[in-house]
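From just these sequences and the hints, can you work out the full model?
Listed in order, the protein sequences are those of chains A and B. Take 1 as the starting number for the first sequence in the numbering used here and just add one per residue. Take 1 as the starting number for the second sequence in the numbering used here and just add one per residue.
No lab work stands behind these hints, which were simulated from the structure alone. Among the hints, a few may not be true.
[Claimed, not checked] Derived, one-sided and incomplete: chain A residues facing chain B with beta-carbon distance under 10 Å:
(1) T273
(2) E315
(3) A333
Backbone N, C-alpha and C define an ideal beta-carbon position, used for all residues, glycine too.
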Amino acid sequence: MVERMVDLLARELKMDPVDVRRKNLIPPFMDGYQVATGLTYDTGNYEGALAKALEMAGYEKLRKQQKEMRAKGEYLGIGLCTYAEICGLGPSQVAGAVGFGGGLWESAIVRFHPSGKVNVMVGISPHGQGEETTFAQIVANELGVGVDDVEITHGDTEKTPMGWGTYGSRGTAVGSGALMGAIAKIKDKAKTLTAHLLEASVDDIEYADGKFFVKGSPSKSKSIQDVALMANVAWNMPKGLEPGLEASSFFDPPNFVYPFGAHIAVVKVDAETGEIALQRYIAVDDCGKVINPMIVAGQIHGGIAQGIGQALWEEAVYDDDGQLLSGSMMDYAVPKAAFFPKFELAMTETLTTVNPLGVKGIGETGTIASTPAVYNAVADALAPLGVKTINMPLTPERVWRAIREARS
Amino acid sequence: MFAAEFEYHRPKTVAEAVKLLRKVKGSRPLAGGHSLLPAMKLRLASPAALIDISRIAELSGIKSTKDGLKIGAMTTHAAIAASAVVRKHCPVLAETAGIIGDLQVRNRGTIGGSVAHADPGADYPTILLLLDARFTAVNGKERQIAAEKFFVDLFTTSLKHGELLSSVTIPSMSSGASAVYLKHRHPASSFAVVGVAALVQVKKGKCADVRIAIGGVTVTPVRAKAAEKLLTGQAPTPENIARAADAVSDAIENPLGDPYASGEFRVHLASVMTKRALIQVTG
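As structure tokens, this is what we get:
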């Protein structure tokens, strides 16, 4: 809606839609920005993402090409979407205030075995998003063990702690907070034990790359696996320290996270048949710290496809008696890989202050941006014909009728 | 969903298949199964018995004969798309076969199954009508059916009960003729919302042997005779082509419509696609 309105405003003011957006974007901020509706955005650099997307698209050149094609009666359209999303739900206090029937924290248990292997039980239960891998990478990176030494258990409620679900792009944004909490506890305990074993003061023990060492004399050190073994056999524990190396943590985020980005779609519309050919799709997204670029790209790809599906193909059609007419996969058009050009992706990294790793959500950015980007591109293509609005999905017949109507 | 109960027979010869079709009440031949089996699972079709003709070797294969290309009914779309013989003698048929459904469909689906099923959204009926194909039906003896007489109504052909479609013969195209098949694909099913096939032989700057077939718009594919006549003997200028394309709607009665594309839109597409097809084959 907002993205359509911005484009309509641009057309009304005879301004480039990029310039209207630039005038209205919040300038870069790194520690909270309170918007008129009362929410406080965490961090953002909206102009940065837009600039990058425009550069990748070759925006000026595209506009020139569009002009040349229009002179030949061909309709190229360039559509933009600059978005900021609220996700990573969220403070549990807010859940209570708005009458949501539950909490919005996450939990994790990290268990360091004497063998040096690490079991992690998380409340978050991914179902294809890939957080098993993301979480294993975090543990491996933070505890200095191999990623193969980490086993993530999720979804088995006999073993795992409570969780509130992977929706609202909150799996990593909230789940990693709990994981980092448990990791911090593990490191603290290991540090205490190392100090005892090396007969040093706890304050003098430092940690780097899987090793605890005495400040100033790195040769006096213990690997994290050695410390885990000593904790688990408990032959020589300091007074008051329990055996074992295991920690549980709950994380309730102090605020939502606000990922953002800028997407650009380039389409060519066949004014005779109403067919839309997607020519290019450029996506610049910022989800804070990127842990696994391939998983992030995968989420963006899927999101873009789903969002474009809404813009161009997917529709539940009912007849006057309420009978669903698009009730089979022969009638309901789900996007297929062959429908798309190669997506051109890039990331900017603006860390959030809401959680320890600075991560924001990425699960929904593609769906948020791609529907308006493609719609705006089609509307932009048909602007010289006087077409303003077409109901989604933009099927060839609807486009054809809109053109015919505008011409008559 | 599961199909209703049915008997299953797998004959090895055409004679045996024909005998079973005649003898077993409510029986239907099973070819690639890409239309009949889904229809059975949805209980839109409940044949009492299936006569699986997939193991009858004499039913598949492509031969170049003096009458033209003879293609066995059980020849798959993929085989036709890849056939060097088809590509040489009738490239438009190979090109059409190559854009049917998706790869899985093309590997299983057969030319005989497709035409005998006579789905208005299928691609073969349109191109075979254009090419004046002849269909050979067997029931003890052979019978030849012209394409114009073969497609009778929605999912209905002139094959009689007990008859088995054994092959399709495509006469050689006149020398110098060029043909094309254009398809507006349904985004979900990949069926032709509209399929337009056009053939023109340009002789000394004039159009001869002009043929236009339109599929997907009506219950069976139709030849756009008025449009063909308008272009015959004329130079293939943009104006003449546009005039012929405008006349396509004359051939269309009671256009089909669905939530994706209304009848009115299909007629419009048929006209635009005819124009483009004619430009392509005369260009």
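Going down the list of hints, with the structure as the test:
1. T273: Hint holds; A:T273 Cβ to chain B Cβ min 6 Å, cut 10 Å.
2. E315: Holds. Min distance 8 Å.
3. A333: holds (4 Å)
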